[in-house]
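Chemist: Could you put the whole structure together from the sequences, leaning on the hints where they help?
Here the protein sequences line up with chains A and B, keeping their order. By full-length UniProt numbering, the letter at position 27 of the first sequence is numbered 27, and the numbering carries on one by one without gaps. By full-length UniProt numbering, the letter at position 217 of the second sequence is numbered 217, and the numbering carries on one by one without gaps.
To be clear, the hints were calculated from the coordinates, so they are not data collected in a lab. On a predicted model such as this, the values are computed, not experimentally measured, just so you know. Possibly wrong hints are sitting among the right ones.
Pairwise CB distance ranges, derived in the manner of DEER restraints [what the hints assert, rightly or not]:
1. A:E113 x B:P345: 35 to 45 Å
2. A:S88 x B:P367: 25 to 35 Å
3. A:S2 x B:P345: 52 to 62 Å
4. B:R22 x A:S89: 25 to 35 Å
5. A:S88 x B:I169: 31 to 41 Å
Cut-off 25 Å, straight-line C-alpha distance, at most; resulting in silico cross-link-like pairs (DSS-like, lysine-lysine) [to be verified]:
6. A:K48 x B:K357
7. A:K50 x B:K357
8. B:K376 x B:K267
9. B:K376 x B:K268
10. B:K91 x B:K81
11. B:K357 x B:K316
Where is the CB? At the ideal position from N, CA and C, for every residue including glycine.
As a plain string of letters, each chain reads:
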Amino acid sequence: MSRYFTEEHEWIDVEGDTATIGITDYAQEQLGDVVFVEVPDEGTEVAKGKEAAVVESVKAASDVYAPIGGTVTEGNSALEDDPALVNSSPEEDGWFFRLTIADRSELEGLMDEKAYKAFVDTLD
Amino acid sequence: MSDENEEQPPIQTLPLDAWHRRHGARMVEFAGYRMPIQYTGEHGGIVAEHDWTRNAASLFDVSHMGQLSISGANAATELEKLLPGAIASLKEGRMRYSLLLDEDGGILDDLIVTNTGPNLAMVVNGACKWDDIAHLREHLPDSITLTHYDDQALLALQGPKAAEVLGSIIPGVADLSFMTGGSFEFDGTPIWVARAGYTGEDGFEISIHESGVSALADALVADERVHPAGLGARDSLRLEAGLPLYGHDLTTDTNPVNAGLGFALSKKRREEGGYLGHAACIARLEDGGCADTRVGLVLEGRQPAREGAKIYSGDKLVGKVTSGGHSPTLGHPVAMGYVDTRHAPDGTQLTIDVRGKRLPTRVVPLPFVPHKYHRKGA
Numbered sequence: 001m002s003r004y005f006t007e008e009h010e011w012i013d014v015e016g017d018t019a020t021i022g023i024t025d026y027a028q029e030q031l032g033d034v035v036f037v038e039v040p041d042e043g044t045e046v047a048k049g050k051e052a053a054v055v056e057s058v059k060a061a062s063d064v065y066a067p068i069g070g071t072v073t074e075g076n077s078a079l080e081d082d083p084a085l086v087n088s089s090p091e092e093d094g095w096f097f098r099l100t101i102a103d104r105s106e107l108e109g110l111m112d113e114k115a116y117k118a119f120v121d122t123l124d
Numbered sequence: 001m002s003d004e005n006e007e008q009p010p011i012q013t014l015p016l017d018a019w020h021r022r023h024g025a026r027m028v029e030f031a032g033y034r035m036p037i038q039y040t041g042e043h044g045g046i047v048a049e050h051d052w053t054r055n056a057a058s059l060f061d062v063s064h065m066g067q068l069s070i071s072g073a074n075a076a077t078e079l080e081k082l083l084p085g086a087i088a089s090l091k092e093g094r095m096r097y098s099l100l101l102d103e104d105g106g107i108l109d110d111l112i113v114t115n116t117g118p119n120l121a122m123v124v125n126g127a128c129k130w131d132d133i134a135h136l137r138e139h140l141p142d143s144i145t146l147t148h149y150d151d152q153a154l155l156a157l158q159g160p161k162a163a164e165v166l167g168s169i170i171p172g173v174a175d176l177s178f179m180t181g182g183s184f185e186f187d188g189t190p191i192w193v194a195r196a197g198y199t200g201e202d203g204f205e206i207s208i209h210e211s212g213v214s215a216l217a218d219a220l221v222a223d224e225r226v227h228p229a230g231l232g233a234r235d236s237l238r239l240e241a242g243l244p245l246y247g248h249d250l251t252t253d254t255n256p257v258n259a260g261l262g263f264a265l266s267k268k269r270r271e272e273g274g275y276l277g278h279a280a281c282i283a284r285l286e287d288g289g290c291a292d293t294r295v296g297l298v299l300e301g302r303q304p305a306r307e308g309a310k311i312y313s314g315d316k317l318v319g320k321v322t323s324g325g326h327s328p329t330l331g332h333p334v335a336m337g338y339v340d341t342r343h344a345p346d347g348t349q350l351t352i353d354v355r356g357k358r359l360p361t362r363v364v365p366l367p368f369v370p371h372k373y374h375r376k377g378a
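Modeler: Structure representation (C-alpha cells):
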C-alpha cells in the first residue's frame with residue numbers, strides 16, 4: 001500500500017485499484033473542532049481536484065477535493081455518529097471515503113510523506 | 001492586475017499582537033486587524049475556549065472595537081438626535097445599549113453608551129467605527145467634541161469566575177452590577193471597567209491605555225481560572241446568547257422592530273421623537289410589525305446551517321439565515337435568521353437548504369442558552 005498527499009492536505013492510500021481518502025493531521029489542526037462531515041454516496045463519480053466532501057468545523061464549512069478521480073464505493077459511516085474522529089484520528093479511523101480509481105496516471109505528481117512534510121514546513 | 005489608485009487601508013496590529021502570538025494564538029484578519037481566532041495548546045481550540053468561558057473565565061481582546069466619546073454643552077441632547085435611547089437621563093456610571101439609525105430606521109450600528117461623568121463614551125463595532133465616526137461628525141454640531149481613543153485597548157473578561165478574578169486584581173469591581181461601570185486603577189494606570197460583555201455570561205470590559213494592556217493581560221492569565229480565548233469562541237458564545245452581530249444579523253436592511261430590538265426604542269422617546277429614523281420606526285410599530293422577524297432556529301442532527309442559507313416553509317422561501325453554527329453548550333446546531341413574520345411564532349417547523357439538502361428546523365425563543373448577567377439585587 002502506498003500513501004500519497006496533496007497540497008490541499010488530503011491523503012490517499014492506494015491498494016490495487018482502490019483508494020481511501022481523508023484529510024491530514026495538519027488539515028484537522030487548521031480546521032479545529034470538526035462537528036459534521038458530509039461524505040459522498042456510494043456510486044458518486046468524482047473527478048480529480050473537484051469537491052467530493054464537506055467538512056464543517058465549529059467556525060466554517062470547507063470543501064474536501066478528490067485527489068484522484070473514480071467511483072465512490074463507500075463513505076465512512078462512523079463519521080455520522082462521531083465527526084470528531086477527524087480530529088482524533090485524521091489519518092486512520094477518520095477517513096472520508098473510498099473509491100475505485102478511474103485512471104492511475106492521475107497519481108503522478110502527488111507527494112509522498114517526506115515531500116508532504118517538507119511542504120507543510122514551508123507553511124506559516 | 002491591481003489598481004494602484006485604489007487605497008487599501010493597511011491591516012492594523014493590536015497592542016497585544018506579540019502577547020497573543022506568545023500564547024499560541026492563530027491570527028486571522030478581521031475588521032482590518034490581525035486578531036486571534038483561537039489559541040493552540042492544551043486549553044486551545046474554539047470548543048475548549050467556549051466551554052471554559054461558560055465554566056470559568058476567558059480573556060478576550062476586543063481592542064479592534066471603536067472607543068469614542070463626545071463632550072461639550074448639550075452632548076446628551078445632541079446624541080439623542082441620532083439614537084433612539086434615553087441618553088439625557090442616563091445616570092453617571094450607567095450604560096445603555098442603543099443603535100445608530102438612518103432615516104429609514106435601518107441600523108447603521110449597535111453600540112453601548114456610557115455616562116462616564118465628564119463624557120458620554122461609546123463602544124462601537126470595529127468593522128463600522130470609521131463609518132460611525134463620519135456619521136456622528138456629519139450630524140453633531142461643531143460645538144460637540146468627538147474623540148476617538150485609538151490608543152486605548154479593550155479587554156473582556158467573561159465567565160462565572162470573572163468577578164472573583166478581576167476583584168482580586170482590581171478591588172471594588174465586583175460591586176459593579178450589570179451595565180454599570182467606573183474608574184479604577186491597575187498598576188498605577190487609570191482604567192475604566194464596565195460590567196458588560198457579549199457572551200451571555202457575567203463579565204467585564206476593561207479599557208486601558210495600550211502601554212499598560214500587556215501587564216494587565218499577564219496579571220489576568222496568571223490566575224489559573226483564566227485562559228485566553230479568541231474570536232471563534234466569542235462568536236459561538238454570542239450566537240448561543242442570541243445576541244445579534246452587526247454586519248450579519250443587523251444591517252441597514254434591518255431595523256429595531258424586525259430585529260427584535262424594540263427595547264432599544266425607549267418609551268418616552270418613542271412618544272417624543274426627535275431622532276433620525278423615528279418616524280420609520282413608529283410606522284412599523286403602529287402597522288403591527290414588519291414583514292419579517294429575527295428568530296432563533298434549532299436544527300436536528302449535526303449539520304450546521306451557515307449565514308446565507310435559505311429558509312423554507314414547504315416549498316415556499318420564507319427567510320434567510322444570518323448567523324449559524326454548532327452550539328458547543330447544547331451540542332447541536334443553532335442559527336439566527338429573518339423569516340416571514342407569519343412563520344416566526346415559536347414552534348414553527350421549517351427547513352433550511354444547505355447545499356441542496358433540506359434540514360428540518362424549528363423556531364425557538366432566544367437566547368438559546370440563558371444569560372447569566374449580574375443584575376442588581378440578584
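Chemist: Which of the numbered hints are not met once you compare them with the structure shown?
Modeler: 1
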